[in-house]
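Chemist: Following the hints, put chain B in place on chain A, whose structure we already have.
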Amino acid sequence: MSSPVQSKAPPYRVMPGFGLSLGFTIFYLALIVLIPLSAVFLKTFTMTWEAFWGAVTSDRVMASYRLSFGASLIAASINVVFGGIVAWVLVRYNFPGKRIVDALVDLPFALPTAVAGITLTALYSSNGWIGRYLEVIGLKVAFTPLGVVIALTFIGLPFVVRTVQPVLEDAERELEEAAASLGASSWQTFSKVVFPSVMPALLTGFALAFARATGEYGSVIFIAGNMPMVSEITPLFIITKLEQYDYAGATAIAVVMLLVSFALLLTINLLQAWTRKRTGKK
Amino acid sequence: MSAVLNTLPGAAKPPAPPAAAPARRGELPAVSNVLEPAWVRRVLIGVALAFLTLFLFVPLVAVFAEAFKKGWQAYVAAVIDPDAVSAIKLTLIAAFISVPLNLVFGVCAAWSIAKFEFRGKSILLTLIDLPFSVSPVISGLIYVLMFGAQGWFGPWLQAHDIKILFAVPGIVLATVFITFPFVARELIPLMQAQGSEEEEAALVLGASGWSTFWRVTLPNIKWGLLYGVILCNARAMGEFGAVSVVSGHIRGETNTMPLQVEILYNEYNFAAAFAVASLLALLALVTLAIKSFIEWRLHETDPVEAEARNLEH
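Those sequence lines, one after another, are chains A and B. Counting in the numbering used here, the first sequence runs from 1 upward without gaps. Counting in the numbering used here, the second sequence runs from 1 upward without gaps.
Rather than coming from a laboratory, the hints here were simulated on the basis of the structure.
What follows is a list of derived Cβ distance ranges for each label pair:
id	chain 1	residue 1	chain 2	residue 2	range
1	B	W210	A	F27	12 to 22 angstroms
2	B	W152	A	S58	20 to 30 angstroms
3	B	D161	A	A263	34 to 44 angstroms
4	A	V136	B	A74	25 to 35 angstroms
5	A	L42	B	F68	43 to 53 angstroms
Below are the DSS-like pairs computed for lysine-lysine, each with C-alpha atoms no more than 27 angstroms apart in a straight line:
id	chain 1	residue 1	chain 2	residue 2
6	A	K277	B	K121
7	A	K192	A	K277
8	B	K291	A	K98
9	B	K89	B	K69
10	B	K70	B	K89
11	B	K69	A	K140
Residues from chain B shown here face chain A by an in silico Cβ test under 7 angstroms; the list is partial:
id	residue
12	R41
13	P59
14	E66
15	L127
16	L130
17	I138
18	L145
19	S196
20	E200
21	A234
22	S292
These numbers were taken from a predicted model, which means no experiment stands behind them. Even for Gly, the Cβ is constructed at its ideal location relative to N, Cα and C.
Chain A with its partners taken away, still in its complex shape (with noise of 0.2 angstroms):
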């Protein structure tokens, strides 16, 4: 198609610009972004190994974790399976109201944390809409563990879905065609055909379901009760660290928190590579 001398010739010479916003990006990025993330990991180095251990390591530090990590684990999980079975529906059956189901799945990207927070509290308190009948069969919710779960699967929600929607909507329905066809069942067509082409997905929903659970701290400390070694998310315990002015403290967890939302951007962004490799995009 194109001769050999427009190929040789890239196209982005002719474009201006280049110099003006690239280092605007580059210098706006530093400013806002990477030398204030940077204070973080400077300041630890102020501290001795042996205090930035204890910091991080303390019991009320692991129980933290504890919850943060496991609770985010749960959410997650939670997550996949309704999710997954919310996008399966929204992209393969039609029902009235759709569209506007549709567009509220992402109301927790738009709601703020705050807001979710105190409403999941109120429903879920004894007195509540859904609080009484729990406490009835003897479940509390609110001021609980299982408090801090309801409300990291409201803050998820969204990713997973919307992860697994696009590749469903691609998904090539002649496979599945195909393999009722041959004769497979529609739990073989399923697990066989269906699963591993949306299995990809899925996973990167999980993981950054898990990764926005990890940080969430608005929608939480509202239902959590922020007991200490019960039910106190890490994200909180940095602010108390603030509050007690015990900066090095607060920075030292904050820089585990880090890595791990760093380890897990990895993560993601390979798991994304997988999605395309998978679903045959550039």
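Modeler: Frame of chain A, contents of chain B only:
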């Protein structure tokens, strides 16, 4: 990249086979060849709707129900309370400063990344996304470490009597950080999918760089831009964790709307807390409505843009 360039709109575009055309979300043709039995379908729809009702619809209704629990007059009184009004003002100020800043950044970043090839591009993309993977609490903490009394610039700022932390500039900075990637993330895949051929044509015909941008690029990206701005604004107005760390919670001075909600709630003034919260919930609903409208428009008018959005998610 080159494969994307081939899908540009225009005469050279090969007719897409109908099967490959992106299905319009929410308007899939009724599936005649559903493989699973009808009862499975009904159960799945039932499970999905039950889950969404429990986790989304009931909380949404509850915000407004709680807000109006003590009647219309209590609601109005809570909203026009001077502290609430000052919180609303501060929230608007923070959004009015941070959204345009990140808008300019987003356009710059998208221009450099989509229109040019350079080394380290994927690293730059990852760094732009970084604020999304940082806990809001840490986003606030980093500014405490820089501008706090014990921070890098703390002593200097104190000597010159400049307040950043526990004042409006700190709130704006935290908001800028939290909403940093929104516009860039929307625009980069969109501009990559659109390619540069239209701009090149304008430049070859003698247009200057700026007029090419204003007359060719901007009209092409306007919906994507609006989409990014809407999401950026929603987050800017609703941010809680990061702002909470840097604000200092001074009533009537450094409280944004979400912080005001927290204070009222902790004072057991539930009706007032939910009244302010209902304004934020309304903002969320308006955001979702505009977002859905833009998505619908994109799918109607521009398959390239729609495809870019699919690629991105």
